[in-house]
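Participant: Residue numbers for the sequence shown, in UniProt numbering: 1 to 444.
No lab work stands behind these hints: they were computed from the structure. Watch out, some of these pointers could steer you wrong.
List of simulated lysine-lysine pairs, DSS-like, C-alpha gap at most 25 Å [to be verified]:
1. Lys409 - Lys424
2. Lys171 - Lys136
3. Lys430 - Lys346
4. Lys306 - Lys209
5. Lys149 - Lys209
6. Lys67 - Lys106
7. Lys209 - Lys164
8. Lys346 - Lys441
9. Lys136 - Lys183
10. Lys67 - Lys86
11. Lys67 - Lys136
Derived CB-CB ranges, DEER-like [unchecked claim]:
12. His28 - Arg133: 35 to 43 Å
13. Phe429 - Glu258: 25 to 33 Å
14. Ile312 - Val252: 19 to 27 Å
15. Trp152 - Lys106: 18 to 26 Å
16. Leu169 - Glu236: 13 to 21 Å
17. Arg133 - Gly217: 25 to 33 Å
18. Asn417 - Ile90: 47 to 55 Å
19. Lys106 - Cys256: 38 to 46 Å
20. Arg213 - Lys430: 37 to 45 Å
21. Val305 - Arg211: 44 to 52 Å
C-beta: ideal position from N, C-alpha, C; glycine also.
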Amino acid sequence: MYLSIKARKRTKSTLDAEPDRISWLPGHVIDQIMSYLPIRDAVRTSVLSRNWRKKWYTLPNLVFDTKLVPVPAATSGDPLAIIDNKFLQIVDHVLLVHSGPINMFKFSNVDDLMGEDSLVTNIDRWILHLIGRSIKELVLEVWIDDYYKLPWCLFSCQSLHSLKLNGCLLKPPTMFEGFRNLKSLDLCLVNIVQDAFENFISRCPLLEKLRLREFYGLTQINIHAPNLKFFEIVGEFEVVTFGNTFQLTTIVIYSCLELTSNSNQSRSPGCSSNLLKFFDHRPHIQSLEIDGFFLKYLAAGVLPVKLPTPCINLSFLSLTINFDNMEEISAALCVFRSSPNLQKLKISALRAHVATVPLTPATYCWEDISSRLVMPFRVRHVTIDGISGTQSELNLIRFLLLYSLVLEKMIVKPVANVIPELMKALIRFKRASGEVEVIWKDPS
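Build the full structure now, drawing on both the sequences and the hints.
Facilitator: What follows is the structure in C-alpha cells.
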C-alpha cells in the first residue's frame, strides 16, 4: 500500500516536472491552436496543468451557439429554461474573466432552443461590453418571434471591421455617422427600409465585401461603395444599380422574383438598356454570376451587339438562361462578345422541359444572331447544366464549339429522361478546337 502511494506521488511529480510537448510550444503557437477549439474544449484545457489554467482567458475569438449546452435528459424542470440559464451563465462568465483582446464574437441561437424572455436584454448587455473591448468582428444570428432590434450603442462602434447579422432589425439612429473601418457586411433575413439601407452603405467608406440574402423591406437595391470588391445578393428584388463602385471584381446575383414584361420596374430608371446600365464603369470585374430571373431584367430595353467598353478582366461567367426567350439569349451573346479574356463559362437552363418530338433542323441559327462577332472566344472550360434537348439549347452548344478556338473541355449535364438524339447531335457538331473534350454526364 505504501509503495503504491509513493509511486503515485512520484508519477505526479514527474508530470509536473516534465511538461507535455504542446506546453513547450511558443506562446503564439499555443494561442493559435486554442483559437480553433470550441469554447467548451478550450475551457477544459484548464485542468491539464497549472500553466494551462488560464490559457483560455485570452482567446481572441469567442463563439457561443446552442451546441455549447447539450440538451438535458428528462428532468422535472423545464429543459428550455435549463439551457437558457446555463447558456447565459457561460457567456457572462467568459466575458467576465476574459483578459485579452476580443477580435471576434459570435452568438447564434439558430437551433431555437433558448427562450427569448431575457435573451434580448442579455444580448444588448453583451454588445455594450464588446464595444468597450474594441470588438473587430461581430456575428449575431438571433432567432426569436420578431426581429432582434440592434441597440443604438452598436452604431457608435468604430472598431468594427466585419459585421454579420441574421434575423435582426437594422434601424440606425438619425445621428449615425457610419462605420469608418467596416470592410465586410453580411445581412441575412434582416429588416431594413430603403432609405436607411442606402444611407448605411454610403457611410461605410472602406466597405469591400457586401452580402445580402433573404432580406425584407428592399425592392430596389442601389449600391454606392467606392471600395467594394465583392457583392452578392439573393432574394426577391426588382432592380440592382451600382454607383461609384469601380473596384468591383466579383458579382453574384440570384433573383427569385420574375418580373412581368409590363412591370414598372422592368427597366432601370433613366436608362434605355438595363444591360448597358449594369456594366457601366465595371472595368475590374473578374467573376460574374447571374442566376434566377435576373437575366430577364438585364435583357429589358435596347440590347447592343457589344458593350461600349469590353470586360477585359472577366475570366469567369455563369448565366442562367431561359432558352425560350430570345431577348435573354441576345443579352447573353452580348456579354460573350464583350468578354475577350473569358476562361470559364457556366450556362444553366432555366425551367428546361424535356423534348417530346424528334430534333429537327434549326429554324434559326446562333450564327445568324451573332453575325457581327468580331473575334473568336478564348474560353477554355464550359459547363452546360439542365438542358433538355431543345433546339435553342443545341444551337448554343454548336455555337460555342464553332467559335471557341482554344476550348479544352465542355461538360454537358442534361435533365433526367432527355431524348437520346441529344448525345448524337453533340457528336456531329463541328469543333474549332482540336483539343476539346466533350463530356456527357448522365443525370443522377
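Participant: Each hint should be assessed against the structure and marked as holding or not.
Facilitator: The hints, checked one at a time:
1. Lys409 - Lys424: holds, 18 Å
2. Lys171 - Lys136: holds, 21 Å
3. Lys430 - Lys346: holds, 20 Å
4. Lys306 - Lys209: It is violated: about 29 Å lies between the C-alpha atoms, which goes past 25 Å.
5. Lys149 - Lys209: holds, 23 Å
6. Lys67 - Lys106: holds, 13 Å
7. Lys209 - Lys164: holds, 11 Å
8. Lys346 - Lys441: This hinted pair holds, its Cα atoms lying about 15 Å apart.
9. Lys136 - Lys183: holds, 10 Å
10. Lys67 - Lys86: Within the cut-off at roughly 12 Å; holds.
11. Lys67 - Lys136: Answer holds: Lys67 to Lys136 is near 24 Å, not above 25 Å.
12. His28 - Arg133: 35 to 43 Å: Once the Cβ atoms are compared, 20 Å apart, the range 35 to 43 Å for Arg133 and His28 is violated.
13. Phe429 - Glu258: 25 to 33 Å: Cβ of Phe429 to Cβ of Glu258: about 32 Å, so the range 25 to 33 Å holds.
14. Ile312 - Val252: 19 to 27 Å: holds, 20 Å
15. Trp152 - Lys106: 18 to 26 Å: Given range 18 to 26 Å: holds, Cβ gap about 22 Å.
16. Leu169 - Glu236: 13 to 21 Å: Holds, since Leu169 and Glu236 (Cβ atoms, about 19 Å apart) stay within the stated range.
17. Arg133 - Gly217: 25 to 33 Å: Since Arg133 and Gly217 have Cβ atoms about 31 Å apart, the given range 25 to 33 Å holds.
18. Asn417 - Ile90: 47 to 55 Å: holds, 54 Å
19. Lys106 - Cys256: 38 to 46 Å: violated, 28 Å
20. Arg213 - Lys430: 37 to 45 Å: holds, 43 Å
21. Val305 - Arg211: 44 to 52 Å: violated, 34 Å
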